[in-house]
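K.L.:
Sequence:
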Amino acid sequence: MSIKKVPWLAAAEALYLTPQTITGQIRALEERLQGKLFKRKGRGLEPSELGELVYR
Numbered sequence: 001m002s003i004k005k006v007p008w009l010a011a012a013e014a015l016y017l018t019p020q021t022i023t024g025q026i027r028a029l030e031e032r033l034q035g036k037l038f039k040r041k042g043r044g045l046e047p048s049e050l051g052e053l054v055y056r
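At position 1 of the sequence shown the residue is numbered 1 (the UniProt record's numbering), and the sequence of numbers has no breaks.
Just so you know, the hints here were simulated from the structure itself, not pulled from any lab data. The hints are all genuine.
Label-pair ranges, simulated between beta-carbon atoms:
{"no.": "1", "residue 1": "S48", "residue 2": "G24", "range": "13 to 21 angstroms"}
{"no.": "2", "residue 1": "Q34", "residue 2": "R56", "range": "13 to 21 angstroms"}
{"no.": "3", "residue 1": "E13", "residue 2": "Q34", "range": "27 to 35 angstroms"}
{"no.": "4", "residue 1": "E49", "residue 2": "Y16", "range": "29 to 37 angstroms"}
{"no.": "5", "residue 1": "A11", "residue 2": "R56", "range": "16 to 24 angstroms"}
{"no.": "6", "residue 1": "F38", "residue 2": "T18", "range": "17 to 25 angstroms"}
{"no.": "7", "residue 1": "R56", "residue 2": "Q25", "range": "17 to 25 angstroms"}
{"no.": "8", "residue 1": "G42", "residue 2": "Y16", "range": "27 to 35 angstroms"}
{"no.": "9", "residue 1": "G44", "residue 2": "E13", "range": "16 to 24 angstroms"}
{"no.": "10", "residue 1": "P7", "residue 2": "R27", "range": "14 to 22 angstroms"}
{"no.": "11", "residue 1": "S48", "residue 2": "P7", "range": "14 to 22 angstroms"}
{"no.": "12", "residue 1": "Q25", "residue 2": "L53", "range": "14 to 22 angstroms"}
{"no.": "13", "residue 1": "P7", "residue 2": "L29", "range": "15 to 23 angstroms"}
{"no.": "14", "residue 1": "P7", "residue 2": "K36", "range": "18 to 26 angstroms"}
Given the structure is predicted, the values throughout are model-derived calculations rather than measurements. Ideal placement from N, C-alpha and C gives every residue a C-beta, glycine not left out.
The whole structure should be built from the sequences, with the hints applied where relevant.
P.N.:
Structure representation (structure tokens):
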């Protein structure tokens, strides 16, 4: 299963939130889960193993 790639700005606009709010919510979830949900790939991000597991 693959997570659809959506720019932060587009995701934020769709949810009526700012990109900073999205980033903060992801950080808070990562702290609760004690792991990273995304990893850097080139100039972008891709889900980590934990991110894929949470998505499923």
